[in-house]
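Engineer: One letter stands for each residue in the lines below.
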Amino acid sequence: MMNFAVDIRGLRVVRGGQTVLPDLSAQVPSGSVTGLLGPSGCGKTTLLRAVVGVQKIAGGEVRVLGMAAGSAVLRDRIGYMTQAPSVYSDLSVMENLRYFAAVLGAPRADPERVVDAVGLVGKEDARVDRLSGGQRARVSLAAALLGAPRVLVLDEPTVGLDPVLRAELWELFHRLARAEDPVTLLVSSHVMDEASRCTRLLLMREGRVLASDTPRALLEQTGADDIEGAFLALVGASA
Amino acid sequence: MSLRRTAATARRVLEQLRRDPRTIALMLVVPCLLICLLKWVFDASPHVFQSIGAALLGIFPFIVMFLVTSVGMLRERTTGTLERLLTMPLGKGDLLAGYAVAFGTVALVQAALASALTIGLLGLKVSGPVWAVFLVAVLDALLGMALGLFSSAFARTEFQAVQFLPAFVLPQLLLCGLFTSRDQMQTVLRWISDVMPLSYAVDAMDEISSSTSVTGGLIADMAIIAGAGVLALALGAATLRRRTD
Chain P
62 MMNFAVDIRG
72 LRVVRGGQTV
82 LPDLSAQVPS
92 GSVTGLLGPS
102 GCGKTTLLRA
112 VVGVQKIAGG
122 EVRVLGMAAG
132 SAVLRDRIGY
142 MTQAPSVYSD
152 LSVMENLRYF
162 AAVLGAPRAD
172 PERVVDAVGL
182 VGKEDARVDR
192 LSGGQRARVS
202 LAAALLGAPR
212 VLVLDEPTVG
222 LDPVLRAELW
232 ELFHRLARAE
242 DPVTLLVSSH
252 VMDEASRCTR
262 LLLMREGRVL
272 ASDTPRALLE
282 QTGADDIEGA
292 FLALVGASA
Chain C
1223 MSLRRTAATA
1233 RRVLEQLRRD
1243 PRTIALMLVV
1253 PCLLICLLKW
1263 VFDASPHVFQ
1273 SIGAALLGIF
1283 PFIVMFLVTS
1293 VGMLRERTTG
1303 TLERLLTMPL
1313 GKGDLLAGYA
1323 VAFGTVALVQ
1333 AALASALTIG
1343 LLGLKVSGPV
1353 WAVFLVAVLD
1363 ALLGMALGLF
1373 SSAFARTEFQ
1383 AVQFLPAFVL
1393 PQLLLCGLFT
1403 SRDQMQTVLR
1413 WISDVMPLSY
1423 AVDAMDEISS
1433 STSVTGGLIA
1443 DMAIIAGAGV
1453 LALALGAATL
1463 RRRTD
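Residue numbers (my numbering), protein chains in the order written: chain P, 62 to 300; chain C, 1223 to 1467.
These aren't lab readings, by the way, just hints derived from the structure by calculation.
Among these hints, one or two may not hold up.
[Stated by the list, open to error] Straight-line Cα separation of at most 20 Å, EDC-like style, residue types lysine to aspartate or glutamate; simulated pairs:
(1) K1314(C) with D137(P)
(2) K184(P) with E1237(C)
(3) K117(P) with D68(P)
(4) K117(P) with D84(P)
(5) K117(P) with E1305(C)
(6) K1314(C) with D1467(C)
(7) K117(P) with D1467(C)
(8) K184(P) with E173(P)
(9) K184(P) with D151(P)
(10) K117(P) with E267(P)
(11) K1347(C) with D1265(C)
(12) K184(P) with D223(P)
Could you put together the complete structure from these sequences and hints?
Structural biologist: What follows is the structure, given as structure tokens:
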């Protein structure tokens, strides 16, 4: 019996009269780096918001670390990075991180630790609105890493970043997942070639899960050369 | 609620303000300039300034705080920082109290400058204690803040948020007794002015300028302003939803 950090059963989300997620079930094993992959607009962000507990849901159940998503006890155990950088653009990198650290009750040295982790050393005193888009996204990621989250929910954290930095961030995600007290990561991306960096994949299309498995198993099952091919094969099979 | 989180929030809001010296200048200098202008406009009939000067000391903090809070809170909503904060162990009370402490501090400075100018330099005569002027000004500022927070829930853009100033504030300004005494208004208008909190701000300032002691009427006015502030804050807190569409 696998231990699931995130357990979603029969999730239904309706937004503005449109059914975004009709009936979604999925599990994220503890300590995995699970990639949530699918084209833009397929409901990835809505699913992540439901996991964090900020999305109104019309039915079903989302449990995180065994508790209902959105429970007060989960608030310092989940780190959430939204797609648009949700940091104060008129404050410096450090001012942002110090504030969020204080809200979380994280140790004093935590802001320096996360600045280092996302490769923003030297930019501590720069105002966020003077940074590039990629740097801003990293400030937002740094804020999600503060404290000691057990589950990290990251919405397109590597989009638009230079390849070297992207490799470094994936390295960081795996380090967190391999730690003595492992962190579970749920990372969305619409770039299929990031699939190979994940230990598990959730492939999504039009509000439904196409497949949930390891990258290797998906390739074997579909006989495709890469995940993009596997995705196409799965869409063909379900049509 | 937690003291640490409230203090951190207040500090963060003040840091943001400090990064925006133009807004600070607008908040502190504009009321003073307008009071000077008013004094000058009524140069030929000094009794007008005497009768409305104190009321203005209560109205300016209200308007300024309404504006900065509605735009500030709207920014929190639209940039996603509010959503991030609400996924963290931050109570709504921590956030609101943090804003109240930060903007309340600015309101205190603003009230100090404006009353020093009005009472000291421009010679407005106030019979009651000056601390009462201060207290009413700060209560008005907090009321403006609470209403601004509430109104921000109905705006989608900063453009709309600013337009709420005429919608929420101008009717109160017209009916608060500044332009004409409230008991001379048509009955219906009088009723409306009775339920608008700014009316009590003007009443309170009138009490202070005409009476040497702290009257029961003044205490009642202050209680109503504070009560309206708490009510607006509760309504505003209800608009801070952890779960949204």
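Engineer: Return the numbers of the hints above that this structure violates; sort them in rising order.
Structural biologist: The structure breaks none of the hints.
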